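From first to last, the protein sequence lines stand for chains A and B.
My numbering puts the first sequence at residues 36 to 148.
My numbering puts the second sequence at residues 57 to 168.
These are calculated hints, taken from the structure and not from any lab test.
Source: prediction; values computed, not measured.
Treat the hints with caution; some may be incorrect.
[Said to hold, decoys possible] Away from chain B, derived, C-beta distances all over 10 Å, residues of chain A: (1) T59; (2) A62; (3) Y71; (4) E77; (5) L79; (6) L81; (7) K91; (8) G96; (9) E98; (10) G113; (11) S134; (12) K140.
[Claimed, not checked] Residues on chain A that point at chain B, a partial pick, calculated with CB under 8 Å: (13) G64; (14) Y65; (15) Y74; (16) P75; (17) F97; (18) K103; (19) S118; (20) S128; (21) G139.
Beta carbons: idealized from backbone N, C-alpha and C, even for Gly.
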Amino acid sequence: GNSVTQMEGPVTLSEEAFLTINCTYTATGYPSLFWYVQYPGEGLQLLLKATKADDKGSNKGFEATYRKETTSFHLEKGSVQVSDSAVYFCALSDGSGYSTLTFGKGTMLLVSP
Amino acid sequence: DVKVTQSSRYLVKRTGEKVFLECVQDMDHENMFWYRQDPGLGLRLIYFSYDVKMKEKGDIPEGYSVSREKKERFSLILESASTNQTSMYLCASSVPPHIEQYFGPGTRLTVT
Chain A
36 GNSVTQMEGP VTLSEEAFLT INCTYTATGY PSLFWYVQYP GEGLQLLLKA TKADDKGSNK
96 GFEATYRKET TSFHLEKGSV QVSDSAVYFC ALSDGSGYST LTFGKGTMLL VSP
Chain B
57 DVKVTQSSRY LVKRTGEKVF LECVQDMDHE NMFWYRQDPG LGLRLIYFSY DVKMKEKGDI
117 PEGYSVSREK KERFSLILES ASTNQTSMYL CASSVPPHIE QYFGPGTRLT VT
């Protein structure tokens with residue numbers, strides 16, 4: 036079956052530091068990949084997505100590249116802000132059936148001033 | 057703008073009670089989903105619906121049922137609440153062929 040593995044958190048960084056959150060996946064076929072973000076007390080919001088190999092998704096300074104050869108979709112940001120403190124979820128959809136999403140367990144990011 | 061709303065942000069119920077969690081979306085989306093979110097476990101799919109009166113079991117349907125009588129509304133029902141159903145419940149919707157899901161703010165349910 037499908038699965039998503041994320042690095043465990045919390046990840047603690049100082050403001051303006053470089054961020055990487057690792058995500059690897061196992062899936063049949065050619066999945067689409069997503070990063071969602073959950074700010075404290077809120078639901079999940081789509082951050083970025085990539086639908087085929089070598090695609091790069093980007094939004095709000097965050098980027099992730101769909102690497103089929105390493106089955107990875109690592110999230111990066113060059114300079115984090117305190118307001119980026121949240122939980123980040125990597126997810127995939129293998130496009131079969133009703134296109135449900137399989138989520139990783141989430142990685143908490145804490146950014147200090 | 058996309059909007060998914062859930063009936064309560066916080067709910068406290070007693071063991072054995074029947075609990076209804078309501079979700080409404082205003083985007084005319086065909087697909088709707090219920091997840092529960094627990095620390096260290098991420099999001100797990102309970103049920104989903106791809107059309108009115110249609111439903112499919114997700115990964116953890118035991119102890120839950122759902123109802124979708126209208127396209128915009130998807131209800132999660134705990135027939136007899138138990139303490140192990142204390143969790144954050146998240147509703148989401150999507151519209152084919154797009155895969156991305158739009159989430160509500162969540163309901164934090166405590167069963168005592």
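Structure versus earlier hints - violations, ascending order: 3, 4, 5, 6, 11, 12, 13, 14, 15, 16, 17, 18, 19
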